[in-house]
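Protein chains: 2
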Amino acid sequence: MKKSLGAKTLTSPTPVWIIGTYDKEGKPNLMTAAWVGICCSQPPCVGVSLRKATYTYGNIVERKAFTVSIPGEARVKECDYIGTATGKNVDKFARLKLTAVKSSIVDAPYVQEFPWVLECRVIHTIEIGLHTEFVGEIMDVKVDSSVVNSRGLPDVGKIRPFLFDPANGTYYGVGADLGHAFSTGKSTR
Amino acid sequence: MKKSLGAKTLTSPTPVWIIGTYDKEGKPNLMTAAWVGICCSQPPCVGVSLRKATYTYGNIVERKAFTVSIPGEARVKECDYIGTATGKNVDKFARLKLTAVKSSIVDAPYVQEFPWVLECRVIHTIEIGLHTEFVGEIMDVKVDSSVVNSRGLPDVGKIRPFLFDPANGTYYGVGADLGHAFSTGKSTR
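Top line first, the protein sequences correspond to chains A and B. Note that this note's numbering has the first sequence beginning at 59, numbered continuously upward. Note that this note's numbering has the second sequence beginning at 59, numbered continuously upward.
Keep in mind that the hints are not guaranteed to be accurate.
Because identical chains share one entry, a pair is satisfied inside a single copy or across any pair of copies.
Said to hold, decoys possible - 20 Å max Cα-Cα, derived SDA-like pairs, lysine to any residue:
#	residue 1	residue 2
1	K216	D235
2	K66	S208
3	K110	S99
4	K216	M59
5	K66	R109
6	K146	G116
7	K244	F151
8	K110	I186
Rather than coming from a laboratory, the hints here were simulated on the basis of the structure.
With the rest of the complex left out, here is chain A (with noise of 0.2 Å):
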């Protein structure tokens, strides 16, 4: 028996992305975001939900471009930390000791410190309700040298992606290997 819990934002998992910008005047900033996913494969885009009120909101209109970092669980404490803080009023990157490399293909930068990077470039701008939603077309992806697996992939085992889980305000680390797609199912035909 199915219980309805109303019209809300109640899924589970999200991803918890690292959004960097720059202001203005070129100080880099951080958000943490999870109103975000792939959006299209051909360009490759992604989108992030961002409400207006964000200090990053202004970066990206200002800006045309963000950086996606994508931080394993040992960094959950400052990927919190990044959420809570606003850059109007913090300099992130100097508060949590994290290095701002600036992206050689898009105005924006990223965290050197995390291990896998997404360099986009605003395409659409959704005004959607309270939060606008930027789509960014993926120009590089760039990953540490240490947890590229012997595909030449990222290797989600030694990068340990977290989630957030916006129903109880949860993170979680990612559990087993499951089974590979588009096999696992051919035992259901």
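Since the structure of chain A is already known, use the hints to place chain B on it.
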């Protein structure tokens, strides 16, 4: 040292959502989608990106509605199958012995056997490239009573939603609890 992997949809993990729709004749269909996410809090919305070639694409254009059924990891094989077959040729509900429940709120069916459902009406359609993003306003969320926690919210530990790693084509479970948001970061201040 970061290695450039090119302009690709390399990010991980992504959710595994089962999208429910009706076709012109009222036949219910399912597809597996990972290019998805929450994209607004007010009104509560999700974005679901699909290729025009999918059967679901035509159904959503026709009906302006879809559901998201969130499966538990015990259903990984069925969900992988749903992602490899097409509703043009197969009745996936019948094939997998799943029950299509007609939403009383939107013009789309959901999966009775899956514990968590979002019922959505399309409020924006964004042509990005190979994929079209449908922004669906969440009109209601329904969860099996047996997997709601003491706070009346979906219990991720009981539901055990699972994830897709597009980089390597692997499904993963949800792992360890890493702490509570908006509090675990306090120790960094």
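Here is what the structure says about each hint:
Taking identical chains as interchangeable, the C-alpha atoms of K216 and D235 lie at most 20 Å apart whether they share a chain (13 Å) or sit on different chains (18 Å). Taking CA atoms no more than 20 Å apart as the test, K66 paired with S208 passes between copies only; the shortest distance there is 18 Å, against 42 Å inside one copy. Proximity of K110 to S99 under the C-alpha cut-off of 20 Å is restricted to the inter-copy arrangement: shortest distance 12 Å between copies versus 27 Å within a copy. Proximity of K216 and M59 under a CA criterion of 20 Å is satisfied inter-copy only: 15 Å between copies versus 40 Å inside one chain copy.
When the C-alpha separation of K66 and R109 is checked against a cutoff of 20 Å, the pair qualifies only within one copy, where the shortest distance is 17 Å, while the shortest distance between copies is 27 Å. When the C-alpha separation of K146 and G116 is checked against a cutoff of 20 Å, the pair qualifies only within one copy, where the shortest distance is 11 Å, while the shortest distance between copies is 45 Å. Only between protomers do K244 and F151 lie at most 20 Å apart by alpha-carbon distance; the minimum there is 16 Å, versus 47 Å within a single protomer. Taking the shortest alpha-carbon separations for K110 and I186, only the intra-copy value of 11 Å comes in at or below 20 Å, while the best inter-copy value is 22 Å.
Violated hints for the displayed structure: none, as all numbered hints are satisfied.
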